[in-house]
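Go ahead and model the full structure; you've got the sequences and the hints to work with.
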Amino acid sequence: KQEVTQIPAALSVPEGENLVLNCSFTDSAIYNLQWFRQDPGKGLTSLLLIQSSQREQTSGRLNASLDKSSGRSTLYIAASQPGDSATYLCAVGAGYSTLTFGKGTMLLVSP
Amino acid sequence: NAGVTQTPKFQVLKTGQSMTLQCAQDMNHNSMYWYRQDPGMGLRLIYYSASEGTTDKGEVPNGYNVSRLNKREFSLRLESAAPSQTSVYFCASTPPGSSYEQYFGPGTRLTVT
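Chains as they are written, first to last, in our numbering: chain A, 1 to 111; chain B, 1001 to 1113.
Bear in mind the hints are in silico, worked out from the structure with no lab data behind them. From the three backbone atoms N, C-alpha and C, an ideal C-beta is built for every residue, glycine too. It cannot be assumed that every hint is accurate.
Below are the EDC-like pairs computed for lysine to aspartate or glutamate, each with C-alpha atoms no more than 20 Å apart in a straight line [to be verified]:
1) A:LYS103 with B:ASP1038
2) A:LYS1 with B:ASP1056
3) A:LYS42 with B:GLU1052
Per label pair, the in silico range of CB-to-CB distance [what the hints assert, rightly or not]:
4) B:THR1054 with A:ALA79: 23 to 33 Å
5) B:GLU1059 with A:ALA9: 18 to 28 Å
6) B:VAL1012 with A:ASP39: 22 to 32 Å
7) A:LEU19 with B:GLU1059: 26 to 36 Å
8) B:GLN1022 with A:ASP27: 32 to 42 Å
9) A:ILE7 with B:THR1054: 28 to 38 Å
10) B:VAL1012 with A:SER70: 38 to 48 Å
Right, dumping it as structure tokens:
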């Protein structure tokens, strides 16, 4: 059974810092990996999707990498802003059938 | 496009009552999913529908039934609600093609007393 772990569970940084969120998974036979953002009381917003054949994806200040063989992904946020404060979820996909989620990293960026 | 919509946004039920959570998407997506999110547990898949006319169990299907009414709509029914079903329920869908990127609705917050 696939298990997804996110470290750290919570992170507090001052505005302007670059930061890295970590995600690890136990079964490397994945189809894709998706990073989401969730604001309190809201739904999930997809940030980046990495297919299993890709090594990284970038969107603005966000960069996600994937190392399938070691079962790891990182989400890099450059020049963090208070508006980045949210919970970030990593989810590993096995095709159409399912996403397995980590429990998330709660990020607080203070002004 | 409204994307993925869910109704209701909030609901309070008494133990033993039944209800149906509605989900619809207007993006011509093929696959649809129901998840529940609980503190400390993360999101867990309840049921999914790979295409119109098919449904399959996920990780936590007990106590739930689903109906894929048509390509747009995928409903989740609680026949006899229990306090353990207090949770936030999310519906998601994926477009045709091979990316399988999932798009989520805003959620339904359900409390069973």
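Structure-based check of each hint:
1. A:LYS103 with B:ASP1038: holds (10 Å)
2. A:LYS1 with B:ASP1056: holds (17 Å)
3. A:LYS42 with B:GLU1052: violated (28 Å)
4. B:THR1054 with A:ALA79: 23 to 33 Å: Violated: the Cβ-Cβ distance is about 45 Å, outside 23 to 33 Å.
5. B:GLU1059 with A:ALA9: 18 to 28 Å: Holds - the Cβ-Cβ distance for GLU1059 of chain B and ALA9 of chain A, about 21 Å, lies within 18 to 28 Å.
6. B:VAL1012 with A:ASP39: 22 to 32 Å: holds (23 Å)
7. A:LEU19 with B:GLU1059: 26 to 36 Å: Because 31 Å falls inside the window, the suggested range holds.
8. B:GLN1022 with A:ASP27: 32 to 42 Å: holds (34 Å)
9. A:ILE7 with B:THR1054: 28 to 38 Å: At roughly 37 Å between Cβ atoms, THR1054 of chain B and ILE7 of chain A fall inside 28 to 38 Å, so the hint holds.
10. B:VAL1012 with A:SER70: 38 to 48 Å: Since the Cβ atoms of VAL1012 of chain B and SER70 of chain A sit about 46 Å apart, the hinted range of 38 to 48 Å holds.
Hints 3 and 4, counting from the list given before, are not met by this structure.
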